[in-house]
Amino acid sequence: MIVSHLPVLQVVVPLLAALIVAVVRSGTVSWMVTFLVSSAMPFIAFALLFQLLSSGPFTYEIGGWVAPFGIEYRVDFFTCFMLIIVSFICVVAVPYARLSIASEVSPGNQPFFYSLYLLFITGLFGIIMTGDAFNAFVFMEISSLSSYGMIAMGRDRNALVAAYQYLIIGTIGASFYVIAVGLLYIMTGTLNLVDISERLRDVESMRPVLAAFVFLFVGLGVKFALFPLHLWLPNAYAYAPCFSAAILSGTATKVSGYLLVIFIFRVFGVSFEYVTAPVISVFFFLAVLGIIIASVAAVFQDNVKRVLAYSSVAQVGYMMLGIYLANLSGLTGAIVHFFNHALIKSALFLAVGSVFYRLGDVHLRNLSGIGKQMPLTMAAFVLASVSLIGLPGTAGFVSKWYLAQGALERGMWPLVILLVFSSVIAVIYMGRILEVAYFGEPSSSSVNVREAPASMLVPLWVLALSSIYFGFDTRFSVGMASKVAETLLMGSG
Amino acid sequence: MKFDIIARVSVKMFLPFILLFGLYIQFHGDYGPGGGFQAGVIIASAIIIYALVFGLFPVHQIVPLRYLRLMMSAGVLIYLSTGILTMILGGNYLEYSVLAHDQIHGQEWGIFFVETGVLITVTGTMTGIFYAFVGRGR
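Those protein sequence lines, which keep their order, are chains A and B.
For the first sequence, the numbering used here gives the first residue as 1, with consecutive numbering after it.
For the second sequence, the numbering used here gives the first residue as 1001, with consecutive numbering after it.
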């Protein structure tokens, strides 16, 4: 019986836990509840995957109302892939949170932090699962509002300003999304994603649909941190508690990207040529500019968290490039990069968080010699950086390989040069950190620093090793991503 | 305004009517305009006008901050447990039809529970926002 309710349980269980945690007084108890619930999440995600493999895509009708009238939750390969990404990052990172959050958030606020965190993943799971455009907006607001709170709890006072910036920009993005959904609703009379795509075929006037597409692209682009709309991201990641930065960089942008991909290929897919042709060249320019400018900006940052934040913007450029290419290899590259970048960037932020936990600061000048003081943390950091740069045999390489292949299939060989060029810049900005960490002499502030505790090292190493492992064994990541890309492209063909 | 006799007496006179009107909006929501959100705001406004006239201290004694935390969670919890109850009774999540012997009564019960949850959360949150504005930090 419970098996048939799994799609909704994925969303309801963390929501229930968030409410319980909100009334708990003790930080440790709230962490334990969070940990229990987070560890249940991958089980639900994998159970859904097995159900999917045995019976094909299925839906769940909320309130028993049939699909175009009620809200339905759809389970297909893309859904399962994203659920596994988000739940895996969550379950690995939560053990890390206890000490990290205890040191960065005041004791009275810790239950609130965990409550916000659970609401945040509720929102993400909801966006992934729902097959309803407006329901997706509601979940987007749940996840965004809680992420503003998670950022504002940073120890630095600038965290409040960063959260406020993100609040303003994020709200504009969300309202653009609603405008787009409203336009689509006017033109088609439905909010169900599948239903919209079917009815768009018969819509005569394409101009409002084009407007809807542009609003949607800009609105989701803000949440996706696409190049000129990324301005909220560096500050938000730099001043948020390290655990929030790791979770946000690993999951939030990916889920917005997921929604963008769903809209481009599944909703507009049928009328792709007419609607998106004028906009599609914009994808290309933003992706390329994002990769170059954000990578170069990352080289000139003093705060390691900001380096990683700008690098995230560049990585979003890669994903956008794959979406632009819109052939099997390119789209596979983009989707597999959702997975790989989530592993890599979360690992990097967790490593930086461990340094922050011991040192209290992650400005480059204070990090000299930290590689000798915290060898395990920095070794994991090296592994993840190598994967971020994309050396062969790492997860980062796999994504870039498929992107390059996609570019070659379209005959766009200069893009391959761009990929190599941006990897070289990645060597420079990650190399700057590693140089200071390993070849600098320990300064007065870092000489007494010890290795991070085990509860922080284990999650960090799990993510760092898996960012290498998925460079060798691509059966799961690439297998799922290519299957997803195949079904998405079939919808638009 | 603590010493303004007219304000004190009239607020005391109006309080029960404000609360009653809130409940009317709440239960009328099934058939006409209204519902949990509007009713929650009206009931919160009763608390707020009491605070404006009698000061923060007495209102904190009637509705302490820790109650608000409970109310905010409890309301959503009522909403959620309605959904979980319908799942236990064999329907889908929030499928109210299974709550009673026939569909129409089931839908009515479902809306009733859910709106009660909304009422409690909105009252708590509105009062909480007011406390946050007028309070002096923590």
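No wet-lab data here; the hints were simulated from the structure.
Each hint should be verified, as a subset may be incorrect.
Said to hold, decoys possible - Facing chain B, according to a computed beta carbon distance under 8 Å, are these residues of chain A, among others:
1) Leu15
2) Thr59
3) Gly64
4) Val66
5) Ala67
6) Pro68
7) Ile425
8) Asp473
No residue lacks a Cβ here, since even glycine has one placed at the ideal position from N, Cα and C.
Evaluation of the provided hints:
1. Leu15: 6 Å, holds
2. Thr59: Check failed: Cβ of A:Thr59 comes no nearer than 11 Å to chain B, outside 8 Å.
3. Gly64: It holds, given that the least Cβ distance between A:Gly64 and chain B is near 4 Å, below 8 Å.
4. Val66: 11 Å, violated
5. Ala67: Where the cut-off is 8 Å and the nearest Cβ of chain B is about 12 Å from A:Ala67, the hint is violated.
6. Pro68: Violated. Min distance 16 Å.
7. Ile425: 45 Å, violated
8. Asp473: Check failed: Cβ of A:Asp473 comes no nearer than 37 Å to chain B, outside 8 Å.
Checked against the numbered hints listed earlier, the structure breaks hints 2, 4, 5, 6, 7, 8; every other hint is satisfied.
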